[in-house]
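S.K.: Chains as they are written, first to last, in our numbering: chain A, 1 to 557; chain B, 1 to 365.
Calculated directly from the structure, the hints in this document are not laboratory data. Some hints here could point you the wrong way.
Derived DMTMM-like pairs: lysine to aspartate or glutamate, alpha-carbon spacing no greater than 25 Å straight-line [said to hold, decoys possible]:
1) B:LYS209 / B:GLU299
2) A:LYS95 / A:ASP436
3) A:LYS274 / B:GLU109
4) A:LYS391 / B:ASP112
5) B:LYS241 / B:ASP328
6) B:LYS304 / A:ASP18
7) A:LYS235 / A:GLU225
8) A:LYS95 / A:GLU127
9) A:LYS324 / B:ASP276
10) B:LYS38 / A:GLU327
11) A:LYS251 / B:ASP328
12) B:LYS304 / A:GLU291
13) A:LYS324 / B:ASP328
14) A:LYS485 / A:GLU426
15) B:LYS241 / A:GLU225
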Amino acid sequence: MAGLTTSFGSGAMSNSMDDIADFARAILVIGSNTTEQHPVFGTMLRRAVRRRGVQLVVADPRRIDLVDFAVLHLQQKPGTDIALVNGLMNIVLEKGWEDRTFIAGRTEGFEDFRETVQRYPPDKVAEITGVPVEQLYRAAEILALQKPMAVIWAMGITQHIVGVHNVMNLANLQMLLGNMGLPGGGVNPLRGQNNVQGACDMGGLPNVYPAYQVVTNPESRRKFETAWGVPLPDKVGLTATEMIPGVLQDKIHALYILGEDPATSDPDSGHVRKCLDGVDFLVLQEIFPSETSQFADVLLPGVTFAEKEGTFTNTERRVQLVRKAIEPLGQAHPDWQIITDLANLMLAAGERQPVDGTHAGWQYQTPANILSEICALTPSYAGISYARLEKGERLQWPVPNSDHPGTPILHINKFARGVGKFAPLEDIPPAEIPDDDYPMLLSTGRVLYHWHGGSMTRRSAGLSAIYNQALVEVNPEDANRLGLKNQDRLRVTSRRGAIEAEAWITDRVPLGVVYANFHFPDSSANELTIAALDPIAKIPEYKVCAVRVELVQSPES
Amino acid sequence: MSVNLTVDQKKIQAQAGQTILQAARENYIDIPTLCFHKDLSPTGNCRICMVEVAGQRLLQAACVTPITEGMQVETRSPRVVQSRKLNLELMLANHPQDCLTCDVSGECELQDLAYDYKVNVPAWGAKGTRYLPDSDPNPFIRVDMNRCILCRRCVLACAEIQGRDVWGVAQRGFEEQIVAGAGTTLLEARCESCGQCVAYCPTGALSNKLNYGLARAHQVRKVMTTCAYCGVGCQFDLLVKGNRVIGVSSNPGAPVNGMALCVKGRYGYDYIHHPDRVLTPQVRRYLLEGRQKSRTGSEWDWVKVDWQVALQLTAGKLASTRSSFGADSIGVLTSAKCTNEENYLMNKFARQVIGTNNIDHCARL
Ligand code: SF4
Ligand code: SF4
Chain A
1 MAGLTTSFGS
11 GAMSNSMDDI
21 ADFARAILVI
31 GSNTTEQHPV
41 FGTMLRRAVR
51 RRGVQLVVAD
61 PRRIDLVDFA
71 VLHLQQKPGT
81 DIALVNGLMN
91 IVLEKGWEDR
101 TFIAGRTEGF
111 EDFRETVQRY
121 PPDKVAEITG
131 VPVEQLYRAA
141 EILALQKPMA
151 VIWAMGITQH
161 IVGVHNVMNL
171 ANLQMLLGNM
181 GLPGGGVNPL
191 RGQNNVQGAC
201 DMGGLPNVYP
211 AYQVVTNPES
221 RRKFETAWGV
231 PLPDKVGLTA
241 TEMIPGVLQD
251 KIHALYILGE
261 DPATSDPDSG
271 HVRKCLDGVD
281 FLVLQEIFPS
291 ETSQFADVLL
301 PGVTFAEKEG
311 TFTNTERRVQ
321 LVRKAIEPLG
331 QAHPDWQIIT
341 DLANLMLAAG
351 ERQPVDGTHA
361 GWQYQTPANI
371 LSEICALTPS
381 YAGISYARLE
391 KGERLQWPVP
401 NSDHPGTPIL
411 HINKFARGVG
421 KFAPLEDIPP
431 AEIPDDDYPM
441 LLSTGRVLYH
451 WHGGSMTRRS
461 AGLSAIYNQA
471 LVEVNPEDAN
481 RLGLKNQDRL
491 RVTSRRGAIE
501 AEAWITDRVP
511 LGVVYANFHF
521 PDSSANELTI
531 AALDPIAKIP
541 EYKVCAVRVE
551 LVQSPES
Chain B
1 MSVNLTVDQK
11 KIQAQAGQTI
21 LQAARENYID
31 IPTLCFHKDL
41 SPTGNCRICM
51 VEVAGQRLLQ
61 AACVTPITEG
71 MQVETRSPRV
81 VQSRKLNLEL
91 MLANHPQDCL
101 TCDVSGECEL
111 QDLAYDYKVN
121 VPAWGAKGTR
131 YLPDSDPNPF
141 IRVDMNRCIL
151 CRRCVLACAE
161 IQGRDVWGVA
171 QRGFEEQIVA
181 GAGTTLLEAR
191 CESCGQCVAY
201 CPTGALSNKL
211 NYGLARAHQV
221 RKVMTTCAYC
231 GVGCQFDLLV
241 KGNRVIGVSS
251 NPGAPVNGMA
261 LCVKGRYGYD
271 YIHHPDRVLT
281 PQVRRYLLEG
291 RQKSRTGSEW
301 DWVKVDWQVA
311 LQLTAGKLAS
321 TRSSFGADSI
331 GVLTSAKCTN
341 EENYLMNKFA
351 RQVIGTNNID
361 HCARL
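Just need the whole structure built from these sequences, with the hints factored in.
M.R.: Quick look at the structure:
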């Protein structure tokens, strides 16, 4: 979450799900289809509306399910979020609703920011976003006057070439309204996969060690060199979205992939397959054969969450136990054990021998041993232990020591970087906009019944029974024009590829937009998506690309 | 403000505004309930929690009657016990006597009460089945309205926990029944298959199809763990029989979600034992036999090998790639599905063992 790190000095969700559900008086959900992607939190939001009368504003190009519970639905055109939020902030300033005490006491950069926002008057914003001026005024009034107000978002905000700016603009909004550091407010990016938060916290990123200690900072590097007993590289590594294309650029010759399926989950899958096909050596550690395993040279059987111990960190930074329910099936081994065995073999070969090092060895008997090492090197996890978790303590990082009760709300009284930083941000159109050849916009995402590349959920009989093939959502008016009916087969073509799938005619999608998912390899939206990356976070622009839609044949014919 | 009252001759204090049931439970006095659940609005319709209140001619439902100063309550006087027995008899008279084959036997609240109160099924009762057993096509939720006691917990669970309003009550009197939507199937009534209604149903009227008949409550081991799908981080119990996960059930102590789960968390577990699982290490034949990489014919066939061989070959390949092209020619993709411990190790593997910062995962995706 590079955007929040720039604004506040910490990239994580600032508040907790229960405090938003219990204390927010208004909520802005933007670019999050919460009831389908984070379903139980979605029901918490529904309950907050029903029981406490929370004023919910949904900003989403699609008429998602949560709209039924909202007082207002802003249906902005895909890729116009910066203009939308600038427009809302413009009205806040016009009406004098900003929190001057908060701005004066806890932020910097306000004047430049104000100048930029002033260039986004409501009528101009209505023009860019397609949201009527009256709705902009109504939304600004609800969000500004109902305090505390929480902002919630997900991939709908980050998966754009301007993803980082989108996030920073939501941080601007919350600083402007003084909604940081209090229950029921905050900036709340919902993390997708169960342990994305933990994977980032643990240094599963090319630029940071655990707890976001930067690899280019000599002091951090020295700390880990002392711990691991080897000299460490001083330049930032490649991101996933650079590594894979790096194969064809002769930069990457071997890949070790743990439990991921880039051949389905990465954009422009045609190109990804070409890269995977070209790599000299690919070792894949997985539970199922996948699209990616077709390219693997070695396949190592890992296990499911039911077969191992460990911890996951949820979207609100809460560390929770995973308990082993059954012994690993067949000859599969817990993943931590496989990594450990491989590390020991490589170290034994002796080309890169650790010298001394306080935590150089790989003698782990249990995941609890690994957690102790993590605690020693990761300041925000220092006070976490299996014993405390077993006692049922609620531990949300930072937990700096073993007496610390954890931190359910970040940024109380002070931001991680000191003062919060306002950033002036301009509207930038998506990398690819519709033209005569590709006249419609494609947006992508998940559905309730499936998960990501679908390798788990497609193997669940019941989930597949309810949702057993990719559906592409088309607006009724577009359908009319294209001669499409429900259940017709349609073809969606972009500059990169084409898929066929069944049509679902629904006013969930606005005019000119189609929506598809990537749960089914045969008709995965990622055949179509563009590999344009946000220049800062390197997140692909899944949410917008230009496509052409046509009828293949109707079932009767 | 606190209120003084006497329950079963014991003087207790409680908060003004509490019900008799809340006051009693806080003071460790147990009043049985059936339609009541602490997460749901009380309805007072099952009449099991009836108690005697001095000065009141009729028995009162403890779950909805507020306490008053000086109130005197009897929770197990002969009159109260008699009333509960009668109520239970009426319920059983209208309930199939199929505990022998019922999936929830052993965790059924009606069965427990019938046992506690030594109720006999009245000779005139036990009518035949009135509804089709297993009457709904939902792939997860088994509906058998013959076993329904009209407590309405499912109606409230769907409305108040899930916010969906699928279940409702139709007809009156003997014909009264719980229906989905306007008497349609669950999915047609916009059911999201979250199973909240199943988790709150006190009997076998709503149960889980996926593990129907696989194990009774006393045959399973429950292991509390954290969901592996999305970042909400719900917790639940895995139900284990032998070395097999046969189901998931809500654990009311789950810190984030309580009893609530979504369809993936509650019902998306069967991939664990799916026959497609990769259960042995395997390598391509060319690699095993030490030849040049070839993607054609039998050279590219998988060969099952033991761990030692697979790991040796992998370590050897990674090391030779490093010596030919440098540490930065190796990329490591860790997993947002794996544990913190595993992600830490992948980070250490890339940086310490290989010597590269080329490590990432799919957070961006
Ligand atoms: S499964 Fe969930 S949505 Fe469906 S009826 Fe039950 S509580 Fe309602
Ligand atoms: S049960 Fe559903 S909402 Fe809860 S963590 Fe699992 S996938 Fe997410």
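S.K.: Are the Cα positions of LYS209 of chain B and GLU299 of chain B separated by 25 Å at most?
M.R.: Violated, at about 45 Å.
S.K.: Is the hinted pair LYS251 of chain A and ASP328 of chain B satisfied, with a Cα-Cα distance of at most 25 Å?
M.R.: holds (8 Å)
S.K.: Does the structure keep LYS95 of chain A and GLU127 of chain A at a Cα separation of 25 Å or less?
M.R.: The given pair, whose Cα atoms are some 21 Å apart, holds under the 25 Å limit.
S.K.: With the threshold set at 25 Å, check whether the alpha-carbon distance from LYS485 of chain A to GLU426 of chain A stays at or below it.
M.R.: Violated, because 40 Å separates the two Cα atoms, which is more than 25 Å.
S.K.: Would you mind confirming whether the straight-line C-alpha gap from LYS324 of chain A to ASP276 of chain B stays at or under 25 Å?
M.R.: holds (21 Å)
S.K.: Does GLU109 of chain B lie within 25 Å of LYS274 of chain A when you go C-alpha to C-alpha?
M.R.: violated (59 Å)
S.K.: Hey, LYS241 of chain B versus ASP328 of chain B, does the alpha-carbon distance stay inside 25 Å?
M.R.: violated (47 Å)
S.K.: Verify the proposed pairing of LYS324 of chain A with ASP328 of chain B, using a straight-line Cα cut of 25 Å.
M.R.: Judged against 25 Å, a Cα distance of about 36 Å means the pair is violated.
S.K.: Given the hinted pair LYS241 of chain B and GLU225 of chain A, is their Cα-Cα distance within 25 Å?
M.R.: violated (47 Å)
S.K.: Below or equal to 25 Å on CA atoms is what counts here, so check LYS95 of chain A against ASP436 of chain A.
M.R.: violated (42 Å)
S.K.: If you draw a straight line from the CA of LYS304 of chain B to the CA of ASP18 of chain A, is it 25 Å or shorter?
M.R.: With a Cα-Cα distance of about 48 Å, the restraint between LYS304 of chain B and ASP18 of chain A is violated, given a limit of 25 Å.
S.K.: Within 25 Å, alpha carbon to alpha carbon, are LYS38 of chain B and GLU327 of chain A?
M.R.: violated (36 Å)
Consistency note: the structure conflicts with the earlier hints numbered 1, 2, 3, 4, 5, 6, 10, 13, 14, 15.
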